[in-house]
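From first to last, the protein sequence lines are chains A and D. If you use my numbering, the first sequence corresponds to residues 6 to 531, in order. If you use my numbering, the second sequence corresponds to residues 189 to 617, in order.
No lab work stands behind these hints, which were simulated from the structure alone. Possibly wrong hints are sitting among the right ones.
Taking lysine-lysine and the DSS-like style, the derived pairs with C-alpha atoms no more than 25 Å apart in a straight line are [to be verified]:
#1 D/Lys412 - A/Lys237
#2 A/Lys503 - D/Lys220
#3 D/Lys300 - D/Lys352
#4 A/Lys86 - A/Lys74
#5 A/Lys503 - D/Lys405
#6 D/Lys413 - A/Lys237
#7 D/Lys405 - A/Lys237
Which stretches of chain A does chain D cover? Using the computed rule of at least three CB atoms under 8 Å from a CB of chain D, they are [to be verified]:
#8 239 to 248
#9 358 to 370
#10 381 to 395
Which residues of chain D face chain A? A few of them, derived with a C-beta cut under 8 Å, are [to be verified]:
#11 Ser228
#12 Thr230
#13 Thr236
#14 Asp240
#15 Thr390
#16 Ser399
#17 Ala434
#18 Glu478
#19 Asp481
#20 Glu482
#21 Asp485
#22 Trp487
#23 His488
#24 Ala489
#25 Glu560
For every residue, glycine included, the Cβ atom is placed at its ideal position computed from N, Cα and C.
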Amino acid sequence: MSNWTSSLIGLLVGLLTALQVGASTPADQLANASFSEKQTLIQTWIESDSSTALSVVQLLLDGRLYYEKNTNRLVLIDTHKTGQPLTDFATGQAGTIEKKRAYKRVSVNNTLRTFLRDTLAAAQLSDADPAVRLSSVQQMLGDLTPENADQIAKFRAQETDTDVVDLMDLALAIDRLDRGTPAEQAQAIARLADSLTVEAMNALRAVPANSPLASQARSGIQSIEHRRNRYKAVETLYFGLSLGSVLVLAGIGLAITFGVMGVINMAHGELIMLGAYTTFVIQQILPSQPGMALLISLPCAFMVSGLVGIGIQRGVIRFLTGRPLETLLATFGISLILQQAVRSIFSPLNRSVVTPEWMAGSWEINAALSLTLNRLYVIGFCLVVFFVLLTLLKRSSLGLQVRAVSQNRQMAQAMGVRSGWVDALTFGLGSGVAGLAGVALSQLTNVGPNMGQAYIIDSFMVVVFGGVGNLWGTLVAGLSLGIANKLLEPWAGAVLAKILVLVFIVLFIQKNPRGLFPQRGRAAEG
Amino acid sequence: MFPIAGKKTLRILPIALATALSNAALAADTIKVGVLHSLSGTMAISETTLKDTMLMLIEEQNKKGGLLGKQLEAVVVDPASNWPLFAEKARELVEKDGVDAIFGCWTSVSRKSVLPVIEELDSLLFYPVQYEGEESSKNVFYTGAAPNQQAIPAVDYLMEQGVKRWVLAGTDYVYPRTTNKILEAYLKANGVAESDIMINYTPFGHSDWQSIVSDIKGFGAEGKKTAVVSTINGDANVPFYKELGAQGVNADDIPVIAFSVGEEELSGMDTAPLVGHLAAWNYFMSAESESNDEFIDAWHAYTGDEDRVTNDPMEAHYIGFNMWVEAVKKAQSTEPGAVQDAIIGVSVPNLTGGLSSMMPNHHISKPVLIGEIQDDGQFEIVSETPGLVVGDAWSDYLPGSKDLISDWRAPLSCGAYDVVSAKCSGQEL
Chain A
6 MSNWTSSLIG LLVGLLTALQ VGASTPADQL ANASFSEKQT LIQTWIESDS
56 STALSVVQLL LDGRLYYEKN TNRLVLIDTH KTGQPLTDFA TGQAGTIEKK
106 RAYKRVSVNN TLRTFLRDTL AAAQLSDADP AVRLSSVQQM LGDLTPENAD
156 QIAKFRAQET DTDVVDLMDL ALAIDRLDRG TPAEQAQAIA RLADSLTVEA
206 MNALRAVPAN SPLASQARSG IQSIEHRRNR YKAVETLYFG LSLGSVLVLA
256 GIGLAITFGV MGVINMAHGE LIMLGAYTTF VIQQILPSQP GMALLISLPC
306 AFMVSGLVGI GIQRGVIRFL TGRPLETLLA TFGISLILQQ AVRSIFSPLN
356 RSVVTPEWMA GSWEINAALS LTLNRLYVIG FCLVVFFVLL TLLKRSSLGL
406 QVRAVSQNRQ MAQAMGVRSG WVDALTFGLG SGVAGLAGVA LSQLTNVGPN
456 MGQAYIIDSF MVVVFGGVGN LWGTLVAGLS LGIANKLLEP WAGAVLAKIL
506 VLVFIVLFIQ KNPRGLFPQR GRAAEG
Chain D
189 MFPIAGKKTL RILPIALATA LSNAALAADT IKVGVLHSLS GTMAISETTL
239 KDTMLMLIEE QNKKGGLLGK QLEAVVVDPA SNWPLFAEKA RELVEKDGVD
289 AIFGCWTSVS RKSVLPVIEE LDSLLFYPVQ YEGEESSKNV FYTGAAPNQQ
339 AIPAVDYLME QGVKRWVLAG TDYVYPRTTN KILEAYLKAN GVAESDIMIN
389 YTPFGHSDWQ SIVSDIKGFG AEGKKTAVVS TINGDANVPF YKELGAQGVN
439 ADDIPVIAFS VGEEELSGMD TAPLVGHLAA WNYFMSAESE SNDEFIDAWH
489 AYTGDEDRVT NDPMEAHYIG FNMWVEAVKK AQSTEPGAVQ DAIIGVSVPN
539 LTGGLSSMMP NHHISKPVLI GEIQDDGQFE IVSETPGLVV GDAWSDYLPG
589 SKDLISDWRA PLSCGAYDVV SAKCSGQEL
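Here chain D stands alone, though its shape is the one from the complex (with noise of 0.2 Å):
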């Protein structure tokens, strides 16, 4: 534990210094900004780098002259991939702390740890990864894609390529589970049959993936055109592939596309086997637009090592800070109720080229492409969708959530308002 934090303490240092040098008399008023990402445990393999963009975001806002004249500092904290433990940091941060704004958490149930802290003490969360929706609260920002921002998309593009028959397989727990449902709501009223669509489960970190890809070969060898949705999460996407690569399933005969692989997580892959799989997200290193090569050098030049890849969390983190600092800017204020109101609306720059907004429900716009795997490691975008993609924070396929809609302007100001019976059933203000 002590060498990361320790060295990245060491390298904030200096701009700590700077600060109380230069600015002496307001070196104790600076804006604290809070980061909550497991830097050790299971988690770490995924948090630490979001934790490192952070500090990135931060010290180039710093160089920029700070913001409203004062220095922002950031506060890292380790919740260690201990689900109460990041309430318990949640709390730490901003009562102990003081901190303005929190960036941070990975997993859904992280982030439903956080959320009755976090709405106690009426502060705000910045949440960059993709998830399953059907949550909106008023102190949470949710900066990485809802289903529909990912989910559909990659369906839509699939059905296109003709596929016919689906298997959607995932870890057993509610990201997939709540994904694969409103998939099979949405492939069903797109008129496929029971029959075609195949679900699996399996645990976490689920190593021998011999039978289920066996299984996987045969439901696509009865000449339809089969497809594999995947929401396999973390550590199992590695035997996943190696398996598939092993019993020659290659993407022309059944493209595999996946909501939870990108550049990070193929930095540890061999990748040869996997040449053509897919993945859909928000954003690719491989995306061309100025914005995304200036971000690249500058994390290449942070990281000191060339060989870094960026990925969809670090965009969603890129976008979320310079939306907080654009909306502190609007309100000339820090206080998280101020800022509130003045975020619904910021546009600022996303690294694809195009613009991001913060919608009415927490959620925000932005473009859904579709990758390829290639065999050095990156992405190539095989479609984009024509415009940007709001997300949606009820989804429109799920019974219980179809007439849900979520707005938190005045005066509506409801995280789950139902159009039919004009009843606020979420948390009201």
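The following block holds chain A by itself, in its conformation from the complex (with noise of 0.2 Å):
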């Protein structure tokens, strides 16, 4: 009983004095500091204790440090909400969240996470990762110091990996310009004039113009800025593509029902609506996998609107033939009630669609070009779904039972093709591909009840400006419309640009009506 007594008394003297130590840890100082005082207290850390703050800076960097509002306690937390897991910082011990409120994360602001970026930059140059030390050295980069540049230098000689020595040497050049030799100045301009990068740039420019080598760094600057505008051109290409691959997938469906059949179908646009919110409520069932749910999507998403699709076809647009601008009514109402049943349904709210991390950032082909990941997959995805539809219409049975009807519908029954039953199907082929153009818009811009109304106009552009009832057509015209759109862009502005493209349109179809690729022979009679 005594020898309890005794230990338990033993464990909390150890306990009180853990405390007190604790009291004059910077741990304890962090909570309530200012921003500037916890980068002091950060920087003095490092120096009394650096394993432990590091693990701090990255905590902080990552957003897991909280602090308990009455006591000031650290602890780590993973979820912010009540009844999730905390551990508390000091002594790792595990226990619950009793009251979100009493729970507030330490926090950080631009000017401090640059600093702890920086300071963590610094320890990472004998990472065993060579991506990280890329990434430590990229960050040096961006605000150079005499430091900065010392540390790169003690870590050049044992580097190994030819991409961090490239992005090291540019450091070392940089520093050179600014602190060599006369000669060394004129070494390091000679490098700084290879390199692509703005850094080497900005480093010129600084070189005063009364100095000798002021020339020399201009001659480095022309040439630079020469190769970089050679790869802008190539980028705005490239972004002219993306926006004309956009056009191409929200307008294709489009090219089926109104350029095949000949139906002009308001509701596309919410078709592609229905296909983006399949898109979020796959994700909503697989929080854990976006990426997965991403693929999943596609097939759903071609069923949902397809079937969508069917029972417009079957419901309304039947009983309307040869009626368009009855048809253009009808199909305008369906569109607003999607809109508000979505609306009811969803919220009014835009509902966020997360972007897989294969589809995140950009790929960096070099330091003045480099093609985001998103807009690739969505060119990609648009070329596979161009000539899956296209080998559809022209090697199938049901393209060839499609091209009978659009032709001639009474020859095409008399031959035994069920009409009707095409039509059904041509269309929810349409509104199928719209549905997974919204998986892919999904990933570029917001999922909302209004999303549909953004692209039904351009939809419409691009069948007519392509030639009704031509899928090259739409292709052509999606892509040379975004090119054009995109080369307009950076002298006229976006409004003017959009306006420019739109007279060209009207007048383009003033003179040819049937578009770019119009229909011949028997096909334009139909």
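Two chains, each in its own frame: build the complex with the hints.
See below:
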């Protein structure tokens, strides 16, 4: 019994001293410090205990470090919600969050975040992973100080990865231009003129105009700018292709329903929206695997939009055959019904669709040119959808029947084609493709009840410009309109560029009412 | 259209019934409050929440015993994001339903559409959204921010952070154009060179931001610290931020400070790539005060959804409604003329822990907060003005309006009084 008590007292005393020691550590001051105080706190902390301090830096950057409001005790929290687990920072003891409001995140602002990243970068120059070392040098390059440069110079000798070596040499050249002997400076300018990076260009710009090296620096800047402009042109082309692929994706379903069947479907945009909402719903079902959810969404969105499309065709459009004005009004009404239905079911707010990791960021070709991955995937997806549809219409028996019905309905019926059935399936196909477009668009833009309206005009524009009834026309029209828009945008501005493109289309249609690729022969009479 | 209207009617039905039963004699004699927010169409995305906020505030006031011994009754109409319909519905609210005050509108064009009607019928409109200023009506109370309560402090904060180059990006309509004109004048007055300011406008709902983001990147890569001041509106924000994330522009390099992105807009975005970008408002859901905690709890209880967020225009309605209630108590009447006189000088608690007052120019005083976006869709408050900022109806930085003041108290009673020529050019009593 006495043993028990004494050990208990021992434990208590131990705990108390631990608490007292704890009170003097920077950990307790962190909670309520201002941003600049936090910075000095971490600086001194790194000098006294660098491994703990660096782990705190990492935690701050990840946003996992919280504190209890009334005790200032630091805790680690992954999900800030009542009932979720937490870990005490000092003792590692597990617990639960009894009340969400009792804990608050240790706050970080942009200035402090940059400082934390720089601190971490300095420590990561010796990391085993070359990618980490690369981003570490990159971070230092953004805000190069003499201390940083000395640090880089120290690790340069033992660096083996060629990418990291290149970047380190760039940093050292910038540093030499700033601090080196005249001979070193001249050498540095030659080195920097070979680079494509903005850092090199800015370093050369900083050379004073009265310096003997000024003319050399100026020609260096010109050389960099010249090469960067070439890549800029490639980038503009890519932007145009990407905008074009979005236009093609949005319009290609319409190329089938309007182009092949001749139905003016004003609810086309809402079918795109349904595809996007399908993506949202599937992501809600599979919250931890956004990538997988996106892939599953493709067939699901095709089914959802396709079935709704078939419903619209069987329920409304087939009774209005040959009355385009009534079809237009009826489908416009359907589009309003679908919008309001989505507003009532999902709320009028936009829904957030997550971008999977493999689609985020960009593919960096060199310092002057990088292609955004999400758009690269959309361009690829657009081409796949296009060629699958083309094959389907050209080579399958359904495609044969669709073309037969659209060219001469009576004759096709006489040959035993069930034209009503073909109509429904064709409309379903066009609508399903709109659903696929919705999945792709959910990765680029907002998912909300109004999203369809943004695409309906563009879709009709692309189909009419390309030539009604011609899939190739839709592809060429979409891509060329996209590129034209992006070529105009830099000097005309976004608003004027759009107007100019529309004016051009109006003039073009005046001259060529059947679009870029008019149908010829018997198909044209249908 | 029907499901929303139906659900809400059901929700307020018990209140109406309770009123009728408990006070049969006075049942016909309620104080009517008009709620003029779009429940369908483009603007439903923002305005539906404000309609719910008003219903909640009215319900709470009724639980406290109503006003002047009477119960309040909300009259909800749907102007369907259609600007001329706003004017028609406002007329209907005042003439047919006999409401004593209207809480509503979101876009400036909807307010401008209601303005002549509300002035002609001499009723009251409480307008809860940040706007471009350059207006002061005897019949309108501006509880949202004027440019000096949002844009200018935001730019001040960024200057403190060392920003030297500025991109002013906005949607092409009156609010961004006026705000950017004011900001451009302000920046130049603070020694920023013309070549360090880039102004860019895009159409409504613009969805392809590739070239613009690339231009911003280029503009920001010239060695000086650069920031984007965004007056981009509504749906165009999501693709804008997505493109920023995709092109690797993060908040350390080029922070974006937005005046139209709040908690509710963030709830529809993937916030991971946005961390560190900024917004300037007079209220954030993360503000620490008891009144805010109570408001959030009440909102969660009212909507039955723990994940619903609160935002700045909601706080503006909270302040505006409470000011109206206080003014009615003070005047002992709901008659608009009496309330107009009584409301000037009324102070009520705001949700950030202070008091807001109605000023003689029909704008209110409130603190300005700068917040950084967090990955959970909330804002971390990184800066707060030391005191309250009084809304300025006429900007001091525009040549046409710098001499104008607005004071609706007797004897001046003028919305646009030129202090140099000593003439009143606005609406007069």
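Open item on the list: D/Ser399 was flagged as interface toward chain A. Is the shortest Cβ-Cβ separation under 8 Å?
Closed with: holds, 5 Å
- [ ] Classify the hint on D/Ala489 as holds or violated, based on whether any CB of chain A lies nearer than 8 Å to its CB.
- [x] With Cβ-Cβ at 15 Å, over 8 Å, it is violated.
Open item on the list: So if I understand the rule, the pair passes when the alpha-carbon distance is 25 Å or less; does D/Lys300 with D/Lys352 pass?
Closed with: Distance of about 36 Å is beyond 25 Å: violated.
Open item on the list: Min Cβ distance, D/His488 to chain A: is it shorter than 8 Å?
Closed with: Constraint on D/His488 not satisfied, violated at 12 Å.
Open item on the list: Can you verify the interface hint for D/Thr390: is its Cβ closer than 8 Å to any Cβ in chain A?
Closed with: Holds, about 4 Å.
TODO: May I ask you to test the interface hint for D/Ala434 with respect to chain A, counting a Cβ-Cβ separation under 8 Å as satisfied?
DONE: Interface hint status for D/Ala434: holds (4 Å vs cutoff 8 Å).
Task: Closest C-beta approach of D/Asp240 to chain A relative to 8 Å, hint status - done: violated, 11 Å
Task: Restraint outcome when D/Thr236 is required to lie within 8 Å of chain A by C-beta distance - done: holds, 5 Å
Open item on the list: Hint D/Glu478 vs chain A: min CB-CB distance below 8 Å?
Closed with: violated, 11 Å
Task: Hint check, D/Thr230 versus chain A [nearest Cβ-Cβ separation less than 8 Å] - done: OK, holds: D/Thr230 within 8 Å of chain A, min 5 Å.
Task: Within 8 Å of chain D (C-beta), three or more residues of the segment 239 to 248 of chain A - done: holds (count 5)
- [ ] Please work out if A/Lys503 and D/Lys405 have their alpha carbons no farther apart than 25 Å.
- [x] Satisfied, since the Cα-Cα distance of roughly 22 Å is no more than 25 Å.
Going down the numbered hints, you'll see the structure goes against 2, 3, 10, 14, 18, 20, 21, 22, 23 and 24, while the others check out.
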